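The listed protein sequences correspond, in order, to chains U and X.
If you use the numbering used here, the first sequence corresponds to residues 3 to 253, in order.
If you use the numbering used here, the second sequence corresponds to residues 119 to 406, in order.
Note that these hints are calculated values from the structure, not bench results.
Nothing here was measured: the structure is a model prediction, and the numbers come from that model.
Positions of the beta carbon are idealized from the N, C-alpha and C atoms, including for glycine.
Treat the hints loosely; a few may be bogus.
[To be verified] Among chain U residues calculated to face chain X with C-beta under 7 Å, some are:
(1) 83
(2) 87
(3) 99
(4) 102
(5) 110
(6) 113
(7) 115
(8) 166
(9) 167
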Amino acid sequence: MSDIVTVENMCLWYGEHQALKNITIKIPQKSITAFIGPSGCGKSTFLKSLNRMNDLIQGVKITGDVKYNGKNIYDPSVDVNELRREIGMVFQKPNPFPMSIYDNIAYGPRTHGIRNKAKLDEIVEQSLKDAAIWEEVKDRLKKNALGLSGGQQQRICIARALAVKPKVLLMDEPTSALDPISTSKIEELTVKLKEEYTIIIVTHNMQQAVRISDQTAFFLLGELVEYGNTETLFSTPKDQRTEDYITGRFG
Amino acid sequence: MKNKKIFENVVHGVFLILGLITVGCVLLITVYLFAAGIPAIREIGLFPFLFGKTWESTSADPSYGILPFILTSIYGTAGAMILGVPIGFLTAVYLSKLAPKRVKAAVGAAVSLLAGIPSVVYGLVGMLVLVPGIRKLFHLADGASLLAAIIVLAVMVLPSIIKVSITALDAVPEEYEYASLALGATPIETYFKVSVPAAKSGIAAAVVLGIGRAIGEAMAVMMVSGNVANMPGLFESVRFLTTAVASEMSYSSGLQRQALFSIALVLFLFIMLINGVLNLLLKGKKEA
Ligand SMILES: Nc1ncnc2c1ncn2[C@@H]1O[C@H](COP(=O)(O)OP(=O)(O)OP(=O)(O)O)[C@@H](O)[C@H]1O
Ligand SMILES: [Mg+2]
Numbered sequence: 003m004s005d006i007v008t009v010e011n012m013c014l015w016y017g018e019h020q021a022l023k024n025i026t027i028k029i030p031q032k033s034i035t036a037f038i039g040p041s042g043c044g045k046s047t048f049l050k051s052l053n054r055m056n057d058l059i060q061g062v063k064i065t066g067d068v069k070y071n072g073k074n075i076y077d078p079s080v081d082v083n084e085l086r087r088e089i090g091m092v093f094q095k096p097n098p099f100p101m102s103i104y105d106n107i108a109y110g111p112r113t114h115g116i117r118n119k120a121k122l123d124e125i126v127e128q129s130l131k132d133a134a135i136w137e138e139v140k141d142r143l144k145k146n147a148l149g150l151s152g153g154q155q156q157r158i159c160i161a162r163a164l165a166v167k168p169k170v171l172l173m174d175e176p177t178s179a180l181d182p183i184s185t186s187k188i189e190e191l192t193v194k195l196k197e198e199y200t201i202i203i204v205t206h207n208m209q210q211a212v213r214i215s216d217q218t219a220f221f222l223l224g225e226l227v228e229y230g231n232t233e234t235l236f237s238t239p240k241d242q243r244t245e246d247y248i249t250g251r252f253g
Numbered sequence: 119m120k121n122k123k124i125f126e127n128v129v130h131g132v133f134l135i136l137g138l139i140t141v142g143c144v145l146l147i148t149v150y151l152f153a154a155g156i157p158a159i160r161e162i163g164l165f166p167f168l169f170g171k172t173w174e175s176t177s178a179d180p181s182y183g184i185l186p187f188i189l190t191s192i193y194g195t196a197g198a199m200i201l202g203v204p205i206g207f208l209t210a211v212y213l214s215k216l217a218p219k220r221v222k223a224a225v226g227a228a229v230s231l232l233a234g235i236p237s238v239v240y241g242l243v244g245m246l247v248l249v250p251g252i253r254k255l256f257h258l259a260d261g262a263s264l265l266a267a268i269i270v271l272a273v274m275v276l277p278s279i280i281k282v283s284i285t286a287l288d289a290v291p292e293e294y295e296y297a298s299l300a301l302g303a304t305p306i307e308t309y310f311k312v313s314v315p316a317a318k319s320g321i322a323a324a325v326v327l328g329i330g331r332a333i334g335e336a337m338a339v340m341m342v343s344g345n346v347a348n349m350p351g352l353f354e355s356v357r358f359l360t361t362a363v364a365s366e367m368s369y370s371s372g373l374q375r376q377a378l379f380s381i382a383l384v385l386f387l388f389i390m391l392i393n394g395v396l397n398l399l400l401k402g403k404k405e406a
């Protein structure tokens with residue numbers, strides 16, 4: 003399996019504060035990679051640096067290489083908007099736009115120039131189906147998305163991200179605001195999605211990482227302590243700190 | 119214990135009275151305006167009053183048609199909105215979303231200052247700069263015109279449009295914008311397709327507030343519009359509903375004076391209508 007995202011010796015500073023230290027990681031395509039680690043260790047920061055959402059924060063400095071399909075994404079020649087279209091993102095808190103369900107899903111494709119009504123209809127339906135929410139909303143596509151439950155809203159957000167046909171999907175604790183049933187729906191969904199997409203998911207829930215991910219990366223204080231096959235990492239961790247964390251001795 | 123209770127009740131009472139003062143003022147004005155405004159309309163006739171095209175209150179055979187004033191007020195306000203809304207709206211988007219902090223602070227201060235300038239000063243500057251400018255530019259006999267009034271009003275409504283729109287735009291949750299950017303939309307696309315629609319009821323309220331401000335303005339427009347009761351034309355000297363009341367009140371008597379009250383009543387009804395729309399918009403915002 004080839005690697006779609008490769009990071010080498012990457013460091014990141016928020017002003018004076020160094021949030022990431024010498025991160026080196028290779029993420030294989032069409033798999034699920036989980037980022038775990040205690041609060042404040044830099045998981046979200048690292049995730050956001052993969053689609054350059056950190057550009058929006060003032061005073062961020064990045065060194066090292068972050069490559070997507072072999073190309074450094076921080077190269078001046080890179081079109082950030084195109085990069086973010088290919089590397090989509092789902093946020094911790096469901097954040098559908100205050101518009102109809104249809105317009106939410108059609109937003110991305112419209113932004114990228116698709117005007118044809120039939121084509122949009124098709125994308126909306128397919129994205130909602132891929133996000134396993136079509137059956138629940140197909141009769142109320144014109145209704146405001148904010149009227150849905152939290153779990154439904156999060157699947158709308160996933161559908162919205164899928165509608166621009168990304169290659170990679172970054173998910174930052176997508177189930178932390180949801181009830182157990184919605185959570186398991188989204189877990190099933192991610193497992194299904196990895197047939198087509200590369201998924202990188204931040205989670206505080208170690209069972210979740212075990213249930214769905216192929217690789218797990220353990221972060222601590224801005225460092226990548228251990229990275230490898232999920233089963234191996236959880237059954238026979240190489241690093242003492244990893245073992246302490248997954249056995250609940252700190253964190 | 120008992121004393122405390124009495125004290126509570128007294129304080130309650132005081133607040134109630136203070137609250138009632140405001141309500142009382144509104145009621146008093148409403149009742150008085152209707153009482154004072156209706157007799158002249160009865161005498162002149164509703165139709166000739168509202169749709170009569172000539173206002174000759176001081177001639178031997180007086181005529182009290184206020185259509186010129188109504189249309190002037192409507193055209194003047196509409197013109198001010200056509201100029202003021204795009205400028206104010208785009209300024210608000212720039213200041214809320216794009217401007218660096220220091221620019222935002224500096225321009226924000228300027229806007230506040232603009233809001234604080236008394237209307238007589240607007241009138242004065244308009245009279246000294248705008249009116250002669252219009253006269254020269256369009257080769258007119260007199261530059262005091264509807265156009266001059268529209269420009270002055272447009273400037274005067276800017277602060278309320280800008281400030282209320284900024285408040286609405288600032289209140290749009292960042293998460294919406296992040297979601298849009300993460301889909302590959304550019305910042306500008308994001309602001310116009312996500313932030314502005316999310317703030318639309320607040321922006322609409324800003325526009326309605328501006329309309330209220332423009333239609334109620336008297337002093338500044340009186341000074342630049344020529345104050346003649348013509349049917350409105352862009353380069354015509356005109357008189358507004360507000361200035362019609364203000365300019366004749368001091369020497370009016372009899373039916374003329376009563377007709378001025380009727381004009382005030384019409385103006386009041388316009389303002390009530392605008393307020394009603396504003397309340398609807400704000401209510402819609404809460405429910406959304
Ligand atoms: N915008 C910012 N400006 C300055 N420092 C920041 C910013 N965002 C995060 N940090 C700092 O960077 C470090 C890593 O934060 P990050 O949000 O990546 O942690 P996390 O692992 O995602 O934590 P959590 O599990 O709580 O979400 C923290 O010390 C945090 O205080
Ligand atoms: Mg985080």
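Hints versus structure:
Here the hint on residue 83/U is kept, as its CB sits about 4 Å from the closest CB of chain X, short of 7 Å. Nearest Cβ of chain X to the Cβ of residue 87/U: about 3 Å, under the 7 Å cut. The hint holds. Because the smallest distance between the Cβ of residue 99/U and any Cβ of chain X comes to about 6 Å, under 7 Å, the interface hint for this residue holds. Among the interface hints, the one on residue 102/U is violated; its C-beta lies about 11 Å from the nearest C-beta in chain X, farther than the 7 Å criterion.
Restraint check, residue 110/U versus chain X: the minimum CB separation of about 4 Å is within 7 Å; hint holds. Taking 7 Å as the C-beta contact cut-off toward chain X, the hint placing residue 113/U at the interface holds, the least distance being around 5 Å. For residue 115/U, the suggested interface contact is broken, since its CB lies about 11 Å from the closest CB of chain X, more than 7 Å. Hint status for residue 166/U: holds, given a least beta-carbon distance of 6 Å to chain X, under 7 Å.
Interface restraint check: residue 167/U against chain X, minimum CB-CB distance 11 Å, threshold 7 Å, status violated.
In summary, the structure is inconsistent with hints 4, 7 and 9 from the numbered list given earlier, while agreeing with the others.
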